[in-house]
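For the protein sequence lines, the chains are H and W, in the order given.
Going by this note's numbering, the first residue of the first sequence is number 4, and it counts up by one from there.
Going by this note's numbering, the first residue of the second sequence is number 1255, and it counts up by one from there.
Take the hints with a grain of salt, since some may be wrong.
Stretch by stretch, here's where chain W covers chain H in the computed footprint (C-beta under 8 Å, at least three residues) [claimed, not checked]: (1) 22–30; (2) 71–80.
Which residues of chain H face chain W? A partial, calculated answer using Cβ under 7 Å [unchecked claim]: (3) Tyr52; (4) Pro53; (5) Tyr56.
For the record, the hints were derived by calculation from the structure and aren't laboratory data.
The beta carbon of each residue, even a glycine, is placed where N, CA and C say it ideally should be.
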Amino acid sequence: MTKLNLLQGTLDLIVLRALAEQPLHGYAIAQHIREVSQQRLLIEEGSLYPALYRMEKKGWIGSRWDTTDKGRRARVYSLTAAGREQLAAERANWEALTDVMARILGQGE
Amino acid sequence: MLREAFRRWSERRELRRRIEDELAFHYQEALDAALDRGLPLSEARIEASAGLGDRRAAAEACMAVWDDTPDTAPRLRPGRAALAAVAVGVPVLLALLLLPHHFRPLPTQHAEQFHVSQRRFTQASDIAREAPDDVASFRRAFASIGWPGGEGVRVAGELVSSNFFRLQGVSLALGSSFSGDSRHELVLSDALWRNAFAGDPGIVGRTVHVGGRPATIVGVASPAFWFLNRQDRFWLHRPDVAGARPQATALVRLHDGVLRPEAWSRFPAHDPRWIPLAKASRVPLRGALGVAAGALILLAALGLLQAISLVRAVGLSNVSLWILTRNFAVLFVKAIPPMAIAGVLWAAVQETSWLSPASMLGGVLAFVAAFAYALIAVSLAWHSLVDQRLRCHVCLRRLSMPLAQGVFGSILFNLPATEYICAWGHGTLYVPEPTSEGIRQPRWTATGGLWAQLLADRGSANA
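Bound conformation, chain H alone (with noise of 0.2 Å):
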């Protein structure tokens, strides 16, 4: 199967969008993104940790440490309602985007 390659900008949606679910910890943000494109979008956790910091600076999600099921600390992170705005400006944006590149790559066919 052909990885894909993560078009620059788009981390934070998918991030948000991961997270519109459910809160969840690093690792297991990166698992679900890994499961849900049927391993076909590879996320570099050294791009994954960076990404969730800059967010929550920005105020669009927040995080606390949590017990997991095998008692570990983990910090899991949720969506504020910042965030859940910026998810859907940035759902928008993307589906404006990709409408665009539809009809300028399906020009002439």
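With chain H fixed as given, assemble chain W onto it according to the hints.
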């Protein structure tokens, strides 16, 4: 501002700890997942490490996000900037404080002709009496000086021969030099006269108590006068007591081409080495150099400890030599601030009247300087040794991602330990926790080229 700096520092510290914990958790989860898929432990470890990528770069990127600095911009960390500022600033301050003193002319007339004996000896005062035009004697003393019946002030000074001021060609601001009669005679420094006696212009001829004994004030030195050090607050001449032969240092005037005073020929048993007065008077600079020399010796000792520890742990190679050189340089930079601070405090005590070691504040400051210096020296030594224990045996970088293993409730079958890994994939270090049986040696396991192979596989898969 200081509170803000401390707040930011502790916030960053907390953040770094959080990042470390998060990445360690990530690694542990990835390791579990790989083990669940049936991979052997060694390969599971490699996969978990490789999945995490460059952990340090990720941590730095997170910190950069928090600091609002772009990932690619060069950053000077606050801790290092402060260290650099202190390392550069304090020696400069030290130089500014000491150099003017170093080039200040001595108050003694024809100071180039004067020398002091390197050691004290019992016949110095006898020689001074025999040859008053060439030799004087002096001896350091501490005494409490005050009005009779009143509370005295404890200060440093000198017990001197009666020709002490005359030999140096020094005029007093008030009164005249010692008469040499049978009384205890006292010359006050300008600072002591002003501070303890309120600058009383009629002080000459009055009697005060020096160490519980009466002494007559015969004069007050000019504000510019000092001899060998700037802490002395009095010069006391007391008549010789029969049978008492205290040791003293000799101050001699040697004319051109004369190697020793003529009077010395009558005392052949004593042929001391002479130090020019100018050289003996540069006390602060000499002291600062002493502090610097002490620090260099300390550094050399630490460097040697590091070298022994490092070579024992990882053997001798170009890499270990490089890391040793780099560590030594860092150690040197770390040692400069305490060295310079101790030097500045010491010089300040020497230079200022209100910081005399005999005073409470001066004593406290001198103690603080010495204590801080010793504390930092011990800390550096400890850091130097501990630091070597947790380094990769291949690349010598610091090991990271500590993983707790075992349980204290079952130390026979599942010994509690911490496992560290090299973030660059060279191996793991298993460090057993100390138990009642004692401290076990850490065990290093190299992972060879497996990781490189795995990375190559991943690279080809991605392509």
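Hint check results:
1. 22–30: Holds: 3 residues of the stretch 22–30 of chain H have a Cβ under 8 Å from chain W.
2. 71–80: holds (count 5)
3. Tyr52: Cβ of Tyr52 (chain H) sits 5 Å from chain W, so the hint holds.
4. Pro53: With a closest approach of 4 Å, the Pro53 (chain H) hint holds.
5. Tyr56: holds, 4 Å
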